[in-house]
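Trainee: Protein chains in written order, with the numbering used here: chain D, 609 to 1209; chain U, 302 to 549.
Everything hinted at is true.
Beyond 10 Å from chain D on every Cβ pair, some chain U residues (computed): (1) K351; (2) E381; (3) N389; (4) K405; (5) T424; (6) P459; (7) F493; (8) F500; (9) L510; (10) F511; (11) S520; (12) G527; (13) G536; (14) N538.
Partial pick of chain D residues on the chain U-facing surface, computed with a CB cut under 7 Å: (15) D1053; (16) L1062; (17) M1065.
It should be emphasised that the hints constitute simulated quantities derived from the structure, not laboratory data.
Backbone N, C-alpha and C fix where the C-beta goes; we use that ideal spot for every residue, glycine too.
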Amino acid sequence: MKTIAKLFIILTYLTFQSAFAEQVSSYVSASKVGIEDAFTLTIEAKNYNGDVRFPEIFDIENFDIVSGPIQGQNMSWINGKVTKLLTHKYTLMAKKTGTFTIPSFTVKIDDREYKTKPIEVSVVKGSLAVQPQRTPRSLFDDDFFTPRPRRTRVSKNSIFVKAEVDKKTVYVNEGLTVSYRLYFRQPVSSPGFKDVPDFTGFVTEDVPTPARIKTETRVINGERYNTAVIFKKILYPISAGTLTIPSITFSFRVEDPMSFFSAGSIVYRKSSPVQITVLPFPEHQPENFSGAIGSFTVISSVDKDRLKTGDSLNYKLTIKGKGNLNPVSSVFPKEVKGFKVFKPGNPVTTHDKRDSSLIEKTWEIVLVPESTGRLTIPEIPFVYFDPDLKQYVTKTTIKREVEVGQGTVTTIPPVTENGREVTMLTKDIEYIETNLPVDSIYFIDNSNIYKTVLYGMPALILLLGFVFRVTNPSRKSPKEYRRANAYKIFKKNLKEAEKLLKKKKNKEYYSAISSAVIRYFSDKFNKPNIELCIDEIESILKERQIEDGLIRSLVDIVEYCDFESYTPSGTGQNIKILDEIRELIGKLEKLLWKNYCSYFL
Amino acid sequence: MKKLLLIFFVSSTILFATSNNVDQLFMQGNSCYQEKQYNEAIEKYLEILKTNKNSFKVNYNLGCCYFRLNDFANARLYFERANKLKPNNKKVLNNLSILKSKLKDKVEIPKEGLVEKITKSITQPFSYNIAAILFVLFLLITFIFIAMIISARFDNKPLFYGLFVAVLLTFLFFSIYNSKLNMLNKKEAVVFAEEVEVFSEPGTDSALLFKLHSGTKVSIEESDKGFYHISLPNGMNGWANTQSFNKI
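Extracted from the complex, chain D is given alone in its bound form (with noise of 0.2 Å):
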């Protein structure tokens, strides 16, 4: 138990002791700084103990981030103890004068966040380098190895970009190659952008710039430069006329060359505004002029020169040479006499590797002959301006010649993506009927059988149901009227009945019921009125073999409705046996009719 007190103890206070020497903080290298001086940020994290993560640092406000972070590790031992240091610098530049803050920065060592104090630095106009001091150091200073202020004065005359083009009067679309190249006295490394502005007016085109570049001495004005081509763009004007090539601004580092160690400042370079001038094409400008401005060569071939028909046959136009090919579409023709023509893909350009302006632009053309023999691809003139002749150049590639056999397969075009929507070349009237036999487009209403039908039918078909009304038997006697009718006058007397209960004569409404079901049977079976009582009823429906629970439902109902009408004050309104009669005498009418029949069968 002590052993375990004990280690706890010690743990704690270990982790305690390392928590506690953990260390993040940030400083720059001068709080006041000029407006075109570059100064450096520090982020660093001491003894720390675990996994460091430095913010990701984009935008400073105020300030430019000229480059990094540059990651620094470091190990010292002094007096037996182990100093750990991880840094992140930044090189900065302050965007206007004033004085600003450099805002606070969260370190995460392991979970544990750190946060920096922000940092005051004071920007004033011009810049406060001072020209680095020419007094050797001794190797015995004891800041020999420690980096110098980065204050290195950078005068105009020894860094400088000069935009370079390799003509100054181009035709329209004819390609003019920009070099910037920087002069340089002092030792100059990775350059890079800071403002690339729009090329309005051009189309452009980067030229990949070497992993190596080339450097070579030129002398301005009495001085010796080193030179170097740090950019190059290839450009194509658009419009005729006077345009003006717009400035780069570049950015560079300049070593010490004095400090091994240092990183050097960041000097801006705008290279000068070029104007040139842009020719239109001349005139008379041939009708199928492609485009293409320089100097070309057409060439074609085909994959074979022999094939059946349902094969297909690939023709391969290359157009070769120095120039702009950018505005050629297409320059094979549309229709080829004896093949059917699929439209292009898209074509296939090339750059020589040696020599960048060197294009080759190649098409692949899938034909299918639609005839047998000899059949035959004509020249194909391509058409293009030479700014060196100063004209329009007609090349036109040879004559191609293919046997074409009879095949064995129907022909099937070969599959390709860009097919031809099918289009509408002109418009016909549509092929006479040739069908027999000759139609004779007959109007039924034309016919007699139709008016017969239409003006004598109907009057027919009202005579039968006048014959059918009079030749009714139940007319011929009164009894067989009764009978038919019996069921309609029961229903015609039960909606009397329902009125009286909407007048809430209880009493006349009972009674109505009842009298509506003898009369009901008093029709059916030809028996007066009076005579007829539900006794009665009950007998000769037994008699007719009608459901014993039939005629005790009905019984009960007239029965009932007697009872209520000769008892002044009812219990009340009953609206259910409306219902219920309604439905009896209906099933009972059923019945009833069936016995008819069967009795007349």
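Once you've looked at the hints, dock chain U against the given chain D.
Mentor: Chain U in isolation, oriented as in the chain D frame:
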């Protein structure tokens, strides 16, 4: 009975013979058309029309022949006649639209309104004959219901419902049939003269309103003193000499 059989036999042979003759003429006309002898083809087809006026095929073929001869007025006339015999035939509509594009007069047809579209969609599925038959059928059903009610032998309630539905359907099919009948009997004509002057009154001494050219279809409202009162789909109307027109 024997007599009846004989009559049937004779009449059928006569019918057969005439139809055979017509078919032959039709085939001759077709082969002339194929050989591009359009005038000969027209002769044959016209011969058929003398006995069989209501042949859609012959009218249509005649229209094609005249179209090939660039006689657009005649082509229009026969295509329109074919269109009346068999409305909304694709071939005829296509040919008419191509023909119209070749005419000098372009008459703008006003856009269909909602009501017109609905009526069109109701009337379109029924042919003339079907509409006529359905109208008579529902008329008879209506009368049967009435007769049943008159006979007083049945329960009236379902009969009245039936009558109501039958009357509604009768009216519906009567209106469809009637609209088809109106279309068929619509008086229309094609301009045959190279140019026709249309006046504000029947007579050349009135104001000249507009001019029409051959191949244009007009509808005839009335006629008076050798003049037709014609109107165009866009509402323009006036009087023009009857001699410049051929009725469809």
